[in-house]
Amino acid sequence: MIDLIVFLSLLALGYGAGTWAEKRHYRSIAEREGAMIDMPAVTLKSVDIPEHKIRSAQLVYGSAVISVDYFKRILASLRNIFGGNVKSYESLLDRARREALLRMKEMAGDATVIVNVRIETAAIGKQSRRKNIACLEAMAYGTALTVEK
Amino acid sequence: MKFTPRQPGINVNVTPTHPLKELAILAGGLLTIVVGVYLALGLAVDLMVPRLSMELEKKLAGAFIGRLVETDPVADTTRSLQALVDRLQDRCAPLPYTITVHVKESDAVNAAALPGGHMVVFTGLLAEMASENELAFVLAHELGHYAHRDHLRGLGRALVLMTASTVLLGADNSINSMIGQGMVLTELSFSRKQETQADEFALETLFCHYGHVTDATSFFSKIPKDGDPGRFGHYFASHPENRRRIGHLEDLARERGYPPGKPLPLPADLVSKSKPS
Amino acid sequence: MIITNIESVPGKTVLEHFGLVSGSTIRAKHIGRDIMASLKNLVGGELKGYTQLLQESRQQAMERMIEEARLMGANAIVNVRFSTSSVAQGAAELYAYGTAVRVE
Numbered sequence: 001m002i003d004l005i006v007f008l009s010l011l012a013l014g015y016g017a018g019t020w021a022e023k024r025h026y027r028s029i030a031e032r033e034g035a036m037i038d039m040p041a042v043t044l045k046s047v048d049i050p051e052h053k054i055r056s057a058q059l060v061y062g063s064a065v066i067s068v069d070y071f072k073r074i075l076a077s078l079r080n081i082f083g084g085n086v087k088s089y090e091s092l093l094d095r096a097r098r099e100a101l102l103r104m105k106e107m108a109g110d111a112t113v114i115v116n117v118r119i120e121t122a123a124i125g126k127q128s129r130r131k132n133i134a135c136l137e138a139m140a141y142g143t144a145l146t147v148e149k
Numbered sequence: 001m002k003f004t005p006r007q008p009g010i011n012v013n014v015t016p017t018h019p020l021k022e023l024a025i026l027a028g029g030l031l032t033i034v035v036g037v038y039l040a041l042g043l044a045v046d047l048m049v050p051r052l053s054m055e056l057e058k059k060l061a062g063a064f065i066g067r068l069v070e071t072d073p074v075a076d077t078t079r080s081l082q083a084l085v086d087r088l089q090d091r092c093a094p095l096p097y098t099i100t101v102h103v104k105e106s107d108a109v110n111a112a113a114l115p116g117g118h119m120v121v122f123t124g125l126l127a128e129m130a131s132e133n134e135l136a137f138v139l140a141h142e143l144g145h146y147a148h149r150d151h152l153r154g155l156g157r158a159l160v161l162m163t164a165s166t167v168l169l170g171a172d173n174s175i176n177s178m179i180g181q182g183m184v185l186t187e188l189s190f191s192r193k194q195e196t197q198a199d200e201f202a203l204e205t206l207f208c209h210y211g212h213v214t215d216a217t218s219f220f221s222k223i224p225k226d227g228d229p230g231r232f233g234h235y236f237a238s239h240p241e242n243r244r245r246i247g248h249l250e251d252l253a254r255e256r257g258y259p260p261g262k263p264l265p266l267p268a269d270l271v272s273k274s275k276p277s
Numbered sequence: 001m002i003i004t005n006i007e008s009v010p011g012k013t014v015l016e017h018f019g020l021v022s023g024s025t026i027r028a029k030h031i032g033r034d035i036m037a038s039l040k041n042l043v044g045g046e047l048k049g050y051t052q053l054l055q056e057s058r059q060q061a062m063e064r065m066i067e068e069a070r071l072m073g074a075n076a077i078v079n080v081r082f083s084t085s086s087v088a089q090g091a092a093e094l095y096a097y098g099t100a101v102r103v104e
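Chains as they are written, first to last, in this note's numbering: chain G, 1 to 149; chain W, 1 to 277; chain R, 1 to 104.
Accuracy of the hints is not assured; some may be wrong.
[Unchecked claim] Simulated pairs of lysine to aspartate or glutamate, EDC-like, Cα-Cα distance not exceeding 16 angstroms:
#, chain 1, residue 1, chain 2, residue 2
1, W, 2, G, 38
2, G, 45, R, 7
3, W, 2, R, 16
By construction, these hints were calculated from the structure, which means they are not laboratory data.
Using the sequences and the hints given, assemble the complete structure.
Have a look at this one:
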């Protein structure tokens, strides 16, 4: 019985704290994306800028590691029985990648455009027994081009 | 190449379902499936159990019973109880079982029929007995459970549950230990129909052995001395179930025309254990 | 929606670009597929259940990416890349990203 109570309170804690942290993070992401909208990050290798105008080209990168809360993990294991989209993890992945992109843009400073952006993801955390600690590491890297006017 | 900053209005990568709703749906679905499987397997077990052979039952019983049954220190009591059970079995309740009686020191006023032919009688019960007929009724009632193989249904269900939980969650999980504990309480208690059938069996055995059924229900009518029947209090008259059972037995005795008679006193070995009632 | 893996759309000119678009899904397999896979482990061969699962994931990821591009007003996505990772046990995660452009 005590196990059940502990489980339920952890679940409630995970849900409460997790939802609050997620909302806060999303607000911050939306704000920063709005501020950095003028610096595009593209997967193209070139954006038709004549070479003599490029002042500098520099590799920039950004990474973020986001972890799940207990509530999401339980939802995912239930989903594992029935199949289908693991909706609880979708926001986790989304946040990690957008955060990585934003940090890459922050590193670029006042560059004009970041080209050849690649995004790598890796799952880290103790892969012990059957319970993975779900942490996702997202890394974005590209070449930041500064163009003289 | 011209760049136009645009933003999509919505986030395409996240499905907008509320997580609590998802939890409710998934957990509810899982619960329904588990309950459904449990019920289906219970039915399957009920169908299979009458076909289970004695040897197989003894083997299965060994796994569950080892903990409960130990060497008992009250050897004399055990011997005379065993003799009484053997006498009852001899002419009137021939079962293909060898029933082994175990006496355990405990205040619990109860007797139990465990798989494998092990009958457990608690000294608390012996203390309440006033005549041999009364004791014989209780023992014959347990024999009735054996005759109908009631104890196997609980055993079967517990086995099936443990197998299922082992498959889903791995061996040695918390559900298995819960079942091990819970089995003693829930699965070993018998349904109303099983109890009634065991009662009838006991009544017939008593009539066959003694020629009358006086004192058969006197145990039921006893009021517990300290007012609290405890966990296994279903033997006491205060339990509404018992009033029904007493009524049923009295009706049956009347229908079959069982004559009244004089009850026999308790065997000497057991008298010292009984308290004046 | 035109989708290519190269820098441009052959035969058309790119007029403007709108930045990065991406689509991601994470799909879990259910217990039935799991059991079939364990059985297949004995005899070998293609795990049709898992193949189908991953195909569905890829399909959905691309659909999401196309949706986002359309919301931005693009009509082509160029230089598309895929990336996968295993985030949770028994779940396949697929991520597709590219640059949303307008071609003519």
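Legend entry - Hint check against the structure, violated hint numbers in rising order: Hint check: nothing fails, all pass.
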